[in-house]
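Asker: Input sequences plus hints: build the corresponding full structure.
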Amino acid sequence: MHLDKRMAYWRANLRLVAICLIIWFICSYGFGVLFVEQMSRIRIAGFQLGFWFAQQGSIYVFVALIFFYAWRMNRIDKHYDVHED
Amino acid sequence: MSLQALTYWVVGLSFVLYIGIAIWSRAHNTGDFYIAGKGVSPIANGMATAADWMSAASFISMAGLIAFLGYDGSVYLMGWTGGYVLLALLLAPYLRKFGKFTVPEFIAERYYSRTARIVAVICLIFISFTYVAGQMRGVGIVFSRFLEVDVTVGLLIGMGIVFVYAVLGGMKGITYTQVAQYCVLIFAYTVPAVFIAIQITDNPIPQLAFGSEVSGTGTALLDKLDDIVTSLGFNQYTSGTKSRIDVFCITMALMVGTAGLPHVIVRFFTVPKVRDARVSAGWALLFIAILYTTAPAVGSMARYNLINTIQPGAVGSVDGNLAYDDRPDWFETWQQTGLVRYDDKNGDGRIQYYNDANPDFASQAAEYGWQGNELGVDRDIMVLANPEIAGLPNWVIALVAAGGIAAALSTAAGLLLVISAAVSHDLIKGILMPHISEKRELLAGRIAAAFAIMIAGYLGFDPPGWVAQVVAFAFGLAAASLFPVILLGIFFKRVNKQGAIAGMLTGLVFTYAYIEYFKGLFLKWAGSPWGENTAQHWLFGISPEGIGVVGMCLNFIVAIAVSYMTAPPPERIQHMVEHIRVPRHFAEDSA
Chain A
1 MHLDKRMAYW RANLRLVAIC LIIWFICSYG FGVLFVEQMS RIRIAGFQLG FWFAQQGSIY
61 VFVALIFFYA WRMNRIDKHY DVHED
Chain B
86 MSLQALTYWV VGLSFVLYIG IAIWSRAHNT GDFYIAGKGV SPIANGMATA ADWMSAASFI
146 SMAGLIAFLG YDGSVYLMGW TGGYVLLALL LAPYLRKFGK FTVPEFIAER YYSRTARIVA
206 VICLIFISFT YVAGQMRGVG IVFSRFLEVD VTVGLLIGMG IVFVYAVLGG MKGITYTQVA
266 QYCVLIFAYT VPAVFIAIQI TDNPIPQLAF GSEVSGTGTA LLDKLDDIVT SLGFNQYTSG
326 TKSRIDVFCI TMALMVGTAG LPHVIVRFFT VPKVRDARVS AGWALLFIAI LYTTAPAVGS
386 MARYNLINTI QPGAVGSVDG NLAYDDRPDW FETWQQTGLV RYDDKNGDGR IQYYNDANPD
446 FASQAAEYGW QGNELGVDRD IMVLANPEIA GLPNWVIALV AAGGIAAALS TAAGLLLVIS
506 AAVSHDLIKG ILMPHISEKR ELLAGRIAAA FAIMIAGYLG FDPPGWVAQV VAFAFGLAAA
566 SLFPVILLGI FFKRVNKQGA IAGMLTGLVF TYAYIEYFKG LFLKWAGSPW GENTAQHWLF
626 GISPEGIGVV GMCLNFIVAI AVSYMTAPPP ERIQHMVEHI RVPRHFAEDS A
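Protein chains in written order, with our numbering: chain A, 1 to 85; chain B, 86 to 676.
Certain hints may be false.
Unchecked claim - With a straight-line Cα cutoff of 16 Å, these simulated EDC-like cross-link-like pairs (lysine to aspartate or glutamate) come out: (1) K358/B with D85/A; (2) K5/A with D81/A; (3) K5/A with E663/B; (4) K185/B with D117/B; (5) K358/B with E84/A; (6) K578/B with E194/B; (7) K327/B with E37/A; (8) K185/B with E523/B; (9) K182/B with E663/B; (10) K182/B with E84/A; (11) K123/B with D81/A; (12) K578/B with E656/B; (13) K182/B with D85/A; (14) K582/B with E523/B.
Read the hints as simulated data drawn from the structure, not as lab findings.
Answerer: This is the structure:
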């Protein structure tokens with residue numbers, strides 16, 4: 001039983017990490033590098049969107065991702081009863 | 086008060102603050118010395134990490150670099166921030182759970198091998214010294230420009246200050262000093278940025294001003310910048326010249342390198358809990374992001390300001406260019422340092438600034454009667470000269486000097502501590518004298534820190550010609566050697582000693598050889614670099630700056646392949662991996 005629980009906890013963690021890393025990749029390498037020209041055809045205020053993601057947006061997304069991960073992970077810890085105190 | 090007296094006051098006061106903090110928080114045992122007794126709150130640790138991470142290069146050079154590179158400068162912005170996501174999701178919480186003092190210590194235990202530990206220590210020392218040499222040089226330069234003392238004297242003062250708080254306080258002293266240094270440097274960075282943003286766009290927030298209209302014109306700043314730079318034969322500001330694969334690989338090498346840098350990783354050993362390690366990476370990146378999102382805005386505005394000053398009228402018109410005799414004061418001040426240079430090639434008494442390396446623009450320039458670019462501007466002065474260019478009061482200029490010094494000192498101290506811990510804890514305690522008492526280990530750590538400062542000072546005083554190249558190497562090396570084995574150590578139980586050692590060596594040797602071949606590092610006496618450093622000669626079109634990514638992939642492949650060909654790691658190691666994967670034991674385990 002407890003082996004299953006351990007596996008389930010680890011799988012939940014890996015799933016969360018994978019989701020976060022996919023977003024991480026799309027917002028930096030995707031929007032900012034690989035598809036920067038296509039994205040830059042879209043304009044918001046004085047920014048071309050691809051350029052904005054490369055020099056601003058990706059960084060905001062990174063910050064948000066870490067806080068999101070920390071928050072979700074704490075909930076997963078509690079759910080599996082492995083949180084600290 | 087004169088600018089110089091004011092600068093002495095501001096910088097002097099900041100030093101008093103740092104030393105005061107060091108005395109208040111000095112280390113009493115090895116736990117304090119290496120990891121601040123695991124008692125640092127996640128927000129304070131985030132600030133300290135940010136100051137630790139943002140070096141003289143981030144503070145002084147980065148905005149200038151982006152100003153001249155435009156879109157291509159994005160590799161530094163994404164590369165030096167995105168690594169924290171990898172750190173927070175893949176490394177920090179598990180290494181904190183492991184709960185020891187150093188990175189080589191983790192590698193030694195996970196791979197049950199002294200050889201692995203020694204390889205890790207070598208990587209670590211090389212990476213850290215590379216960095217620290219540049220920091221000490223930065224301290225020397227800021228001192229000599231703003232306090233008008235000799236670079237050597239500046240360097241000695243800097244060494245003295247770091248000596249006091251790194252040797253006395255260890256990690257604990259460094260952490261709390263870095264919190265103060267962060268406040269000084271971020272204030273010093275954002276205040277001039279806000280003023281300049283208001284001057285150019287009427288919007289006080291640099292990140293928004295970046296996308297606003299230039300006041301009174303109705304055209305967005307970036308569009309205007311694209312127009313002006315292309316009319317002078319430069320590449321468009323918002324698009325790049327590097328190949329896509331190269332931008333991709335450099336960004337990746339910097340990100341992974343960041344996550345593999347020992348002085349960054351070790352910061353997450355100082356917080357009380359696993360939960361704190363996760364969120365602390367978020368705080369660190371938030372504090373870093375304040376500077377890193379301001380920098381590109383500053384870069385674009387600085388480029389705009391510069392060109393507008395030199396080219397106030399229409400491009401190509403007779404009086405479109407600034408007459409040399411009308412040049413502003415800051416131009417003259419920086420000319421004296423040799424960082425702004427003027428050479429009247431066509432003898433018209435005016436300054437022409439354009440891209441004379443662009444063959445498509447040559448005929449246009451000839452038509453205007455221009456005979457070559459006449460202005461040389463060192464990229465490094467953009468941030469330092471910004472307050473002067475914008476005509477800000479003297480206290481802001483003094484503050485920028487203190488900020489530059491804070492950035493350099495905080496990074497240098499963090500690196501020196503990592504080096505001293507590698508020597509006293511990994512080499513002396515871990516390998517040479519396992520039975521050394523804690524008191525003597527602490528003493529050994531202090532002596533090692535003192536020695537490291539002297540070597541760093543020497544390197545900064547007399548930097549080998551290759552320091553600039555070596556910085557790229559440090560990231561490539563961290564990406565290709567340390568990061569993969571730490572990651573595999575946590576996520577793949579099957580990877581064993583043989584795999585890890587083979588992987589580290591493959592990544593290290595490949596990355597080193599590639600950089601040596603194209604840029605030349607240590608074998609210059611034997612005729613390196615042997616290869617012409619241009620895109621058609623590169624492997625897959627990847628420059629030496631980005632090659633760490635290929636090294637990393639090789640490391641992964643070799644480590645996994647070799648592990649499957651040899652015996653799996655012992656049972657106790659598999660248990661250890663299980664143990665670090667969860668913050669607290671499953672209740673069933675203890676039952």
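Asker: Decide, hint by hint, whether the structure agrees.
Answerer: Cross-check of the supplied hints:
1. At most 16 Å may separate the alpha-carbon atoms for a hinted pair to count; K358/B and D85/A meet this at roughly 10 Å.
2. Among the hinted pairs, K5/A with D81/A is consistent with the structure: their alpha-carbon atoms are about 10 Å apart, no more than 16 Å.
3. The straight-line distance between the Cα atoms of K5/A and E663/B is roughly 13 Å, inside the 16 Å bound, and the hint therefore holds.
4. With a CA separation close to 12 Å, the supplied pair K185/B and D117/B stays within the 16 Å bound.
5. For the proposed pair K358/B and E84/A, the alpha carbon gap of about 8 Å is at most 16 Å, so the pair holds.
6. Between K578/B and E194/B the CA atoms are separated by roughly 13 Å; this keeps the pair inside 16 Å, and the hint holds.
7. At roughly 14 Å between alpha-carbon atoms, K327/B and E37/A fall within 16 Å of each other, so this suggested pair holds.
8. Simply put, K185/B and E523/B have alpha-carbon atoms about 15 Å apart, close enough for the 16 Å limit, and the pair holds.
9. Simply put, K182/B and E663/B have alpha-carbon atoms about 11 Å apart, close enough for the 16 Å limit, and the pair holds.
10. With a CA separation close to 11 Å, the supplied pair K182/B and E84/A stays within the 16 Å bound.
11. In summary, the hint linking K123/B to D81/A is not supported, as the alpha carbons are separated by about 23 Å, beyond the 16 Å threshold.
12. Taking the CA atoms of K578/B and E656/B, the gap is near 10 Å; set against the 16 Å cutoff, the hint holds.
13. Simply put, K182/B and D85/A have alpha-carbon atoms about 14 Å apart, close enough for the 16 Å limit, and the pair holds.
14. The straight-line distance between the Cα atoms of K582/B and E523/B is roughly 29 Å, outside the 16 Å bound, and the hint therefore fails.
Violation of the numbered hints given earlier is confined to hints 11 and 14; the remaining hints are satisfied by the structure.
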